[in-house]
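S.K.: Read off the chains here:
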Amino acid sequence: MHETSIAMGLLDSLNQMAEREKATKVLKVRVKVGKLSGIVVDSFVFAFNALKEQFPKLSKAELIVEETPIRYRCKGCGKEFEVETVFFPECPECGSVDLELLSGEELEVVDAEIEV
Amino acid sequence: MCDVCGCGQHDHGHEHHHNHFVVSDDTTRKNVEIKKSLLSENERVARSNREHFDRHGILAINLISSPGSGKTTLLEKTIEALKDELKIGVLEGDIETERDAERVRAKGAAAVQLTTGGACHLEAPLVHKGFHALEKQMEGYPDILFIENVGNLVCPSSFYLGEHIRVVLISVPEGEDKPAKYPKAFKTSDVFIITKADLLPYFDFDVEKVKEEALSLNPNLKIFVVSAKTGEGLEEWFNFLREKVQEKKAAKVEG
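Heads up: the sequence lines are chains C and V, in that order.
Each residue of the first sequence is one higher than the one before, starting from 0 at the first, in numbering that gives the first Met the number 0.
Each residue of the second sequence is one higher than the one before, starting from 0 at the first, in numbering that gives the first Met the number 0.
With the rest of the complex left out, here is chain C (with noise of 0.2 angstroms):
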């Protein structure tokens, strides 16, 4: 259920971005979403459309989620590999679990398309 605050912090965010750059409306915004990141996309998505409707200028607004796969690069032998659990990681060339998480955790607004 955080994904509830987590999108009406985005929409307060562009809201004041929107102010800033003297937009009329904003089109899109686009997300990067890790999927070690604990956010749930479809809820997220859910409620950034139920409360974008609050904000005149961002009743239109589009919102893109770019998920990013759980990616590491091994500390032993320097493969980089992806992969599906959290659980227990390691490198399919060497075996070692010493490994350096490379994508997974994002959260991150790239950007956002506007009109002026």
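Simulated from the structure, these hints should not be mistaken for lab results.
Cβ atoms here follow ideal geometry from the backbone N, Cα and C, with glycine treated the same way.
Each hint should be verified, as a subset may be incorrect.
Within a straight-line C-alpha distance of at most 16 angstroms, the following computed EDC-like cross-link-like pairs (lysine to aspartate or glutamate) qualify [said to hold, decoys possible]:
(1) LYS210/V / GLU242/V
(2) LYS29/V / ASP110/C
(3) LYS29/V / ASP97/C
Anything over 12 angstroms on all C-beta distances counts as not near chain V; from chain C, calculated [what the hints assert, rightly or not]:
(4) PHE43
(5) PHE45
(6) GLN53
(7) ARG70
(8) ARG72
(9) GLY75
(10) LYS78
(11) GLU79
(12) THR84
(13) PRO91
(14) GLU92
(15) SER95
(16) LEU101
(17) GLU107
(18) VAL109
(19) GLU114
Label-pair distances were calculated between CB atoms; the ranges are [as the list claims (entries may be wrong)]:
(20) SER42/C / HIS127/V: 23 to 29 angstroms
(21) GLU97/V / ASP110/C: 23 to 29 angstroms
(22) GLY116/V / THR23/C: 41 to 47 angstroms
(23) ASP97/C / GLU207/V: 47 to 53 angstroms
(24) GLY107/V / LYS21/C: 36 to 42 angstroms
(25) LYS74/C / ARG54/V: 33 to 39 angstroms
(26) LEU214/V / ARG19/C: 42 to 48 angstroms
(27) ARG43/V / GLU66/C: 24 to 30 angstroms
(28) GLU92/C / ASP83/V: 55 to 61 angstroms
(29) GLU97/V / ASP97/C: 18 to 24 angstroms
(30) LYS135/V / LYS74/C: 46 to 52 angstroms
(31) VAL115/C / GLY116/V: 33 to 39 angstroms
Following the hints, complete the assembly by docking chain V onto the known chain C.
M.R.: The following block gives chain V in isolation, referenced to the frame of chain C:
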């Protein structure tokens, strides 16, 4: 030419078939780069909370668990044991009621109830407000601040409140699969406490297996196994707190 969507259509009098917007000629579109965390406002306030705690040498602890894991009971025991040596302040997060704040006040700690009015987690601005109310109530600063989050093992883990130590609790009756099912709470915590250890003989709860799974998610977790009923493991927990409070005070003196 529609150079925004690049569809090659010159006539803007219609709706494009692939979900693009129609732009009238007297407006311009532009792309604004944002590159900001979705949680940036919460994080900004959380950082300012943390600076405030650091400035006054306060150790802040965020307690996260499901409803009924024993957060408040552990706090009651902790207050009883430490209230003569440390000043303790508590922020009690709940959706409704003052009950938990009343419980910890009865044990001798200052407490402010934060009611979220429906939200399933605490956010940094509410902690900020609550802490100022607590300062007033205490007429000063605590040595240790406990922030008891809303009972929920999911959402609170996404919201940094400015704490120094995040503690996740699982009680024995909840079952041993919790780290696996709620990985984020374990990945983002510093301490893991298994509560209601007196019930271990009655449940299929393999402590070693749970520890192993939790550590596979987060190798830096410090783990305690406690029972508020029998007192098992509590002294280790109290000593850990004493040590962390001393570290915090020393850091303040140096700073």
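S.K.: Each hint: holds or not?
M.R.: Okay, the hints, checked on the actual structure:
Straight-line distance between C-alpha atoms of LYS210/V and GLU242/V comes to about 23 angstroms, which puts the hinted pair past the 16 angstroms bound. A C-alpha spacing of about 10 angstroms is found between LYS29/V and ASP110/C, which places the hinted pair at or below 16 angstroms, so the restraint holds. Among the hinted pairs, LYS29/V with ASP97/C is inconsistent with the structure: their alpha-carbon atoms are about 44 angstroms apart, more than 16 angstroms. PHE43/C, annotated as away from the interface, has a beta carbon of chain V within 12 angstroms; the closest lies near 9 angstroms.
Distance check for PHE45/C against chain V: the nearest CB is about 16 angstroms away, which clears 12 angstroms, and the non-interface claim stands. Non-interface call for GLN53/C relative to chain V: holds, since the shortest CB-CB distance, roughly 17 angstroms, exceeds 12 angstroms. At the 12 angstroms boundary, the C-beta of ARG70/C stays outside the reach of chain V, the nearest C-beta of that chain being 16 angstroms off. Under the 12 angstroms C-beta cut-off, the non-interface status given to ARG72/C relative to chain V holds; the minimum distance is some 18 angstroms.
The claim that GLY75/C lies off the interface holds: its Cβ sits roughly 16 angstroms from the closest Cβ of chain V, which is beyond the 12 angstroms cut-off. The non-interface label for LYS78/C is consistent with chain V: the shortest C-beta to C-beta separation is roughly 20 angstroms, beyond 12 angstroms. Every Cβ of chain V is farther than 12 angstroms from the Cβ of GLU79/C; the closest lies at roughly 21 angstroms, confirming the non-interface assignment. Its closest Cβ contact with chain V, about 9 angstroms, brings THR84/C to no more than 12 angstroms, contrary to its assignment away from the interface.
At the 12 angstroms boundary, the C-beta of PRO91/C stays outside the reach of chain V, the nearest C-beta of that chain being 17 angstroms off. Every beta carbon of chain V lies more than 12 angstroms from that of GLU92/C, the smallest distance being close to 20 angstroms; the non-interface claim holds. The claim that SER95/C lies off the interface holds: its Cβ sits roughly 14 angstroms from the closest Cβ of chain V, which is beyond the 12 angstroms cut-off. Every CB of chain V lies more than 12 angstroms from the CB of LEU101/C, the least distance being 16 angstroms, so the non-interface label holds.
In this structure GLU107/C is not separated from chain V by more than 12 angstroms, as the shortest Cβ-Cβ distance comes to only about 6 angstroms. With a cut of 12 angstroms on Cβ distances, VAL109/C falls inside the contact zone with chain V, its closest approach being about 7 angstroms. Not every C-beta of chain V lies more than 12 angstroms from that of GLU114/C, the closest at about 5 angstroms, which undercuts listing it as non-interface. Take SER42/C and HIS127/V: their Cβ atoms lie about 27 angstroms apart, and the range 23 to 29 angstroms holds.
For GLU97/V paired with ASP110/C, a C-beta distance near 45 angstroms fails the hint of 23 to 29 angstroms. Distance hint for GLY116/V and THR23/C: a CB-CB separation of about 34 angstroms, inconsistent with the stated range 41 to 47 angstroms. For ASP97/C and GLU207/V, the hinted distance range of 47 to 53 angstroms is not satisfied, since their beta carbons lie about 23 angstroms from each other. At about 56 angstroms, the beta-carbon gap between GLY107/V and LYS21/C misses the expected band of 36 to 42 angstroms.
A beta carbon spacing of about 37 angstroms between LYS74/C and ARG54/V agrees with the range 33 to 39 angstroms that was offered as a hint. For LEU214/V and ARG19/C, the Cβ-Cβ distance of about 46 angstroms falls inside the hinted range of 42 to 48 angstroms, so the restraint holds. For the pair ARG43/V and GLU66/C, the supplied restraint of 24 to 30 angstroms holds, since their beta-carbon distance comes to about 25 angstroms. Between GLU92/C and ASP83/V the CB atoms are about 57 angstroms apart, so this pair conforms to the stated range of 55 to 61 angstroms.
Take GLU97/V and ASP97/C: their Cβ atoms lie about 49 angstroms apart, and the range 18 to 24 angstroms is violated. Checked against the given bound of 46 to 52 angstroms, the beta carbons of LYS135/V and LYS74/C, roughly 50 angstroms apart, stay inside it. Checked against the hint of 33 to 39 angstroms, the pair VAL115/C and GLY116/V passes, with Cβ atoms roughly 37 angstroms apart.
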